[in-house]
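Undergrad: First to last, the protein sequences are chains A and B. So for the first sequence, our numbering puts the first residue at 4; every next one is plus one. So for the second sequence, our numbering puts the first residue at 341; every next one is plus one.
These are calculated hints, taken from the structure and not from any lab test. Possibly wrong hints are sitting among the right ones.
A few chain B residues that face chain A, going by a derived Cβ cut-off under 7 Å, partial list only [what the hints assert, rightly or not]:
hint	residue
1	T350
2	P351
3	K355
4	I368
5	H370
6	V428
7	S446
8	F449
9	S469
10	K475
11	T489
12	A497
13	I549
Once the Cα atoms are required to be at most 27 Å apart in a straight line, the calculated DSS-like pairs of lysine-lysine come out as [said to hold, decoys possible]:
hint	chain 1	residue 1	chain 2	residue 2
14	B	K374	B	K435
15	B	K478	A	K133
16	B	K411	B	K374
17	A	K247	B	K374
18	B	K432	A	K247
19	A	K25	B	K524
20	B	K435	B	K376
21	A	K109	B	K435
22	A	K25	B	K475
23	A	K225	B	K355
24	A	K214	B	K435
25	B	K374	B	K432
To list a few chain A residues with every Cβ distance to chain B over 12 Å, as calculated [stated by the list, open to error]:
hint	residue
26	R5
27	P33
28	E41
29	D68
30	P122
31	Q140
32	E144
33	R153
34	S174
35	F204
36	R243
Idealized CB from N, CA, C, for every residue including glycine.
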Amino acid sequence: MRIDKSKCAGCGQCIEFCTLGKIASRRRDPKNSRLYYEIDEDECVDCGVCLRAEICSSGALFMPDYEWPRTVRAAFSDPTVEHRETKVPGRGTEEIKTNEVTGRIKRGFVGISCEMGRPSVGARFYDIEKVAVALAQLGVEFESNNPCTRLMADPKTGVFKDEVRQEKVLSAIIEMLVPIEKMADVLVAIRRIAMEVDCVFCVDLISVLEKDNTIPTLSILKSLQWLVLPNGKMNTGLGRPLAKEA
Amino acid sequence: MSHTLHRRGTPENLKHDFPMHAMPARGINHEGAKPKLQEFLRIAHDHNPVNLGDVKLGNQFVTDYEELYEKLTISSTHAVLADESDLVELLKEVKAADLGMSLTISGLFDKLFECCAKADLQPHAVEHSLGVLGKIEKMPESEISQVTTMCGHGMVAQGLVRRLIRKVKQGELTATEAGIELAKPCRCGIFNPVRAAALIEEYCALFTISIR
Chain A
4 MRIDKSKCAG
14 CGQCIEFCTL
24 GKIASRRRDP
34 KNSRLYYEID
44 EDECVDCGVC
54 LRAEICSSGA
64 LFMPDYEWPR
74 TVRAAFSDPT
84 VEHRETKVPG
94 RGTEEIKTNE
104 VTGRIKRGFV
114 GISCEMGRPS
124 VGARFYDIEK
134 VAVALAQLGV
144 EFESNNPCTR
154 LMADPKTGVF
164 KDEVRQEKVL
174 SAIIEMLVPI
184 EKMADVLVAI
194 RRIAMEVDCV
204 FCVDLISVLE
214 KDNTIPTLSI
224 LKSLQWLVLP
234 NGKMNTGLGR
244 PLAKEA
Chain B
341 MSHTLHRRGT
351 PENLKHDFPM
361 HAMPARGINH
371 EGAKPKLQEF
381 LRIAHDHNPV
391 NLGDVKLGNQ
401 FVTDYEELYE
411 KLTISSTHAV
421 LADESDLVEL
431 LKEVKAADLG
441 MSLTISGLFD
451 KLFECCAKAD
461 LQPHAVEHSL
471 GVLGKIEKMP
481 ESEISQVTTM
491 CGHGMVAQGL
501 VRRLIRKVKQ
511 GELTATEAGI
521 ELAKPCRCGI
531 FNPVRAAALI
541 EEYCALFTIS
551 IR
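Bound-form chain A, shown alone:
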């Protein structure tokens, strides 16, 4: 996103719509002493929220016609934009939402995701890569139909394409399938690598319920002394046709 300084009235209304907080600075034009705002484009993730808010009465905000690899920013940050490069819409896959139909996560497996940059901080792909490489070393299988995986030069190593490493996005999801017996190792690795990144990330865990609604992963979380929050998400099992159990 960019501000046309010749049109900017210097009111600063737009900065309150920045999903990352303060990435714009107030400047004074030395030629005419007019105040204007300037967006730090290297920090901006092109989410488009400020533009869609239609808060700028002077029409100074605009989205330049960016080229690859800059285009990954909007693709990962603005839910109204589809991934032109990867052809996969959204930030992740259908994950738990349709699992009773797709059967992607079967009993004996769990789905684990690291939502890099979420919430409200954003992440560079070089940080996303640190987490992906640490997990790849444990032999996890990254979800192939995920836009983040598609940007990896090699999904077996978790290494990303050179040209995207410096790009920053509001969030990008590293999504993987893990046998339940490996879950503790993966979570320990995630906890360790979290100390080496310069961003935040949310961690998700999908568990298929037993017939009596027992959650098979709770005892593992307890053994890791991992805090279990009282709220979360539930697939109600209403989708049809149901996937066949392996």
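Following the hints, position chain B against chain A.
TA: Leaving out everything else, chain B in the frame of chain A:
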């Protein structure tokens, strides 16, 4: 993505918050899904939703119900309920309609299991938020995050929350109006404006403002 998973809050302020997604599985049952999702939207509309939406069309505060219904896409249909008895009735009706669309609901797990049992549903899977790791000092303060995390895509700006607290404190808006303003940037319609209004009202007593 796990859109509605990471809503931050207390058990007390999360107990009236049930965002949900109805959707087909791409490549399996997406053909002919539109009338089924329209029927889900109609059912949701009958059970006192505080928000409805479709990522491509917007939420109910930017696109009215009739237009949402007519133009509904087959990506994912969203609704937010604030009352557990409404949720039970919705689940019963969706089950009876046998739409075959997947339905995922977020909320306090004990409430979700209870509501599914009352509607005679056998849930399939759960997703836990294992929290936020990394440089958490870069995040906004926890009060602001309780509001901003109601949009999983992160479209509700922290500055907007502060702006609206200021406007409510100055008497320019009511907390209810501020809740609706906060819901608008969340295109999908999974933001809960009623919970946001209650939080804003609470924050008015906690936050100070400076008059320039």
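Undergrad: For P33(A), which was marked as not at the interface, is the minimum beta-carbon distance to chain B over 12 Å?
TA: Nearest chain B Cβ is 24 Å from P33(A), so the label holds.
Undergrad: Closer than 7 Å between Cβ atoms is the bar; does F449(B) clear it against chain A? Give me holds or violated.
TA: With a closest approach of 6 Å, the F449(B) hint holds.
Undergrad: Given I549(B) as an interface hint, is its Cβ closer than 7 Å to any Cβ of chain A?
TA: Violated, because the Cβ-Cβ distance from I549(B) to chain A comes to roughly 13 Å (cut-off 7 Å).
Undergrad: Report holds if the minimum CB distance from Q140(A) to chain B is greater than 12 Å, and violated otherwise.
TA: 18 Å, holds
Undergrad: For K411(B) and K374(B), compute the direct alpha-carbon distance and say whether it is at most 27 Å.
TA: 9 Å, holds
Undergrad: Would you check whether S446(B) satisfies its interface hint, that is, whether its CB is within less than 7 Å of any CB in chain A?
TA: S446(B) check passes; min Cβ-Cβ to chain A is 5 Å, inside 7 Å.
Undergrad: Decide, holds or violated, for the assertion that all CB atoms of chain B are farther than 12 Å from the CB of D68(A).
TA: Label holds. Min Cβ-Cβ 22 Å, cutoff 12 Å.
Undergrad: Against chain A, is V428(B) within 7 Å by beta-carbon distance?
TA: This interface hint is violated because 12 Å lies over the 7 Å limit.
Undergrad: With d taken as the least Cβ-Cβ distance between E41(A) and chain B, does d exceed 12 Å?
TA: 17 Å, holds
Undergrad: The output says R5(A) does not contact chain B. Does that hold with a beta carbon cutoff of 12 Å?
TA: 18 Å, holds
Undergrad: Would the hint on I368(B) be counted as holding, given a Cβ-Cβ threshold of 7 Å to chain A?
TA: 5 Å, holds
Undergrad: Just want to verify: S174(A) was marked as not at the interface with chain B; is every Cβ pair farther apart than 12 Å?
TA: Not fine: 6 Å to the nearest Cβ puts S174(A) too close to chain B.
Going through the hint list in order, the structure does not satisfy hints 1, 3, 5, 6, 13, 30, 34, 35, 36.
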